[in-house]
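**Q** Line by line, the protein sequences give chains A and B. The numbering of the first sequence is the numbering used here, which starts it at 1 and goes up by one. The numbering of the second sequence is the numbering used here, which starts it at 1001 and goes up by one.
Just so you know, these hints were derived from the structure itself, not from any lab. Positions of the beta carbon are idealized from the N, C-alpha and C atoms, including for glycine. It cannot be assumed that every hint is accurate.
Unchecked claim - Partial list, computed: chain A residues near chain B (C-beta under 10 Å):
#1 L6
#2 A16
#3 A19
#4 L24
#5 G50
#6 K53
#7 P57
#8 K89
#9 P93
#10 E108
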Amino acid sequence: MQRAALDLWVGVFVVAGLAALLFLALKVGNMTGFEQGETYTVKASFENIGGLKPRAPVKMAGVVVGRVSDVSFDNQSYEAVVSLTLDEKYAFPTDTSAAIMTSGLLGEQYVALEAGGEAKMLANGDSLKLTQGAVVLENLIGQFLYNQADSDKAADSSPMPE
Amino acid sequence: MINRALNSIRNMGGRVVNSVSRLGMAARFFGLTLLHSGQSFSRFNLTLREIYSAGVLSLTIILVSGLFVGMVLGLQGYETLQTYGSEEALGILVALSLVRELGPVLAALLFASRAGSAMTAEIGLMKATEQIAAMQMMAVDPIARVVAPRFWGGVISMPLLAALFSAMGIFGGYLVGVVLIGIDAGSFWSQMQAAVSFQDDILNGVIKSLVFGVAVTVIALFEGFDAPPTAEGVSRATTRTVVTSSLAILGLDFILTAFMFHGV
Chain A
1 MQRAALDLWV GVFVVAGLAA LLFLALKVGN MTGFEQGETY TVKASFENIG
51 GLKPRAPVKM AGVVVGRVSD VSFDNQSYEA VVSLTLDEKY AFPTDTSAAI
101 MTSGLLGEQY VALEAGGEAK MLANGDSLKL TQGAVVLENL IGQFLYNQAD
151 SDKAADSSPM PE
Chain B
1001 MINRALNSIR NMGGRVVNSV SRLGMAARFF GLTLLHSGQS FSRFNLTLRE
1051 IYSAGVLSLT IILVSGLFVG MVLGLQGYET LQTYGSEEAL GILVALSLVR
1101 ELGPVLAALL FASRAGSAMT AEIGLMKATE QIAAMQMMAV DPIARVVAPR
1151 FWGGVISMPL LAALFSAMGI FGGYLVGVVL IGIDAGSFWS QMQAAVSFQD
1201 DILNGVIKSL VFGVAVTVIA LFEGFDAPPT AEGVSRATTR TVVTSSLAIL
1251 GLDFILTAFM FHGV
């Protein structure tokens, strides 16, 4: 093997190996890069975001229109502030509402948008007024049991219609 | 009768003492290799040649196996995840199992059988044809000239090969999951990125493959250097290299995993 050819092949090998590491770091791991296309960002406050994570999809009518870019906590209102990065291709009315939903049984959580009727469209930096947080299973069960007990009591006190 | 029983116990003891003393020799050999590594860096073309024969020539098998392992993971993972309605988690499954375990371990096993066995056979044959003895006659240190460059060539190649294996496997999982089955590409990547951490998963995988690289090359070089200078001796040493280094990789992997991933 010629010295030059040897150098070349080893160089190709090392470059390929480093490129694979870079791919793992940037595309597979969470050292973010790559965000294609023009976007704009709006904020939405939720009283509970459940398991919503950054980079979760934002959907309208089931179509992905953006991603969650950041999740933070507002110490003034004690609410979670979620930044939604939306695709510039899509415009939404200012009274669009946002809700946190779950896809599948154990699936990921995402933000679902529902369009309102305003003529004005959302711009970069706006915030959504109408929001609905994630459903917490424990609260739901608690509420259900409470209602059940209430209706039982009501049934006991009223005389049986016979 | 009693004699035979005594003999078998004696043999067992002899085997244990023998393997422990071989372990000691291997440790001394490893130390000597590290001590005599100066030349592998001052005359780097020696090491370059070994990176070529250990790393570049293993590329094909590593890339092809990585692709197929990833594709199988994609198919099997989809079958199971589908029953829970969470096919989007396929990206996490493929990436985490490759980056944490399968990438380093399978790449090291392939490396042991592809490059490790070749190293043993080469050095064993050098010894059988008295090239090593000739070097010593000419006051050339065979550890510095023959062993250390091969050691560093293997240690440098191993993490790169493991990274290529993982990357290729994730690409295979993507091919099956997104292109063939039709999972949403966005959630495939985004769930993967949300779940795989650079420090906890990728860096630990690189550390694992470095440790495996050291273990495999030391075992291969020691078996070659220690082989009886006969055809049968060399063939036995080559077999022993593959068996011992495979067991060493799996054992070390368990220990490293227990250290790295408890509670992650």
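**Q** Report holds or violated for the interface hint on A/L6, using the least CB-CB distance to chain B and a cut-off of 10 Å.
**A** holds, 5 Å
**Q** Checking hints one by one. Is A/A19 an interface residue toward chain B, by the C-beta closer than 10 Å rule?
**A** holds, 8 Å
**Q** Hint A/A16 vs chain B: min CB-CB distance below 10 Å?
**A** Since the shortest Cβ distance to chain B is 6 Å, the answer is holds.
**Q** Hey, does the A/G50 contact hint survive, CB to chain B under 10 Å?
**A** Given a least distance of 14 Å, the restraint on A/G50 is violated.
**Q** Is the shortest C-beta separation between A/K89 and chain B less than 10 Å?
**A** With Cβ-Cβ at 15 Å, over 10 Å, it is violated.
**Q** Holds or violated: is there a CB of chain B closer than 10 Å to the CB of A/K53?
**A** At about 5 Å, which falls below the 10 Å cut-off, the nearest Cβ of chain B leaves the hint on A/K53 intact, so it holds.
**Q** Against chain B, run the beta carbon of A/L24 and see if the smallest gap drops under 10 Å.
**A** holds, 5 Å
**Q** With a cut-off of 10 Å, does the beta carbon of A/P57 approach a beta carbon of chain B closely enough for the hint to hold?
**A** This hint holds: A/P57 lies near chain B, its Cβ roughly 6 Å from the closest one there, short of 10 Å.
**Q** Hey, does the A/P93 contact hint survive, CB to chain B under 10 Å?
**A** violated, 24 Å
**Q** Min Cβ distance, A/E108 to chain B: is it shorter than 10 Å?
**A** holds, 6 Å
Checked against the numbered hints above, the structure breaks hints 5, 8, 9 and satisfies the rest.
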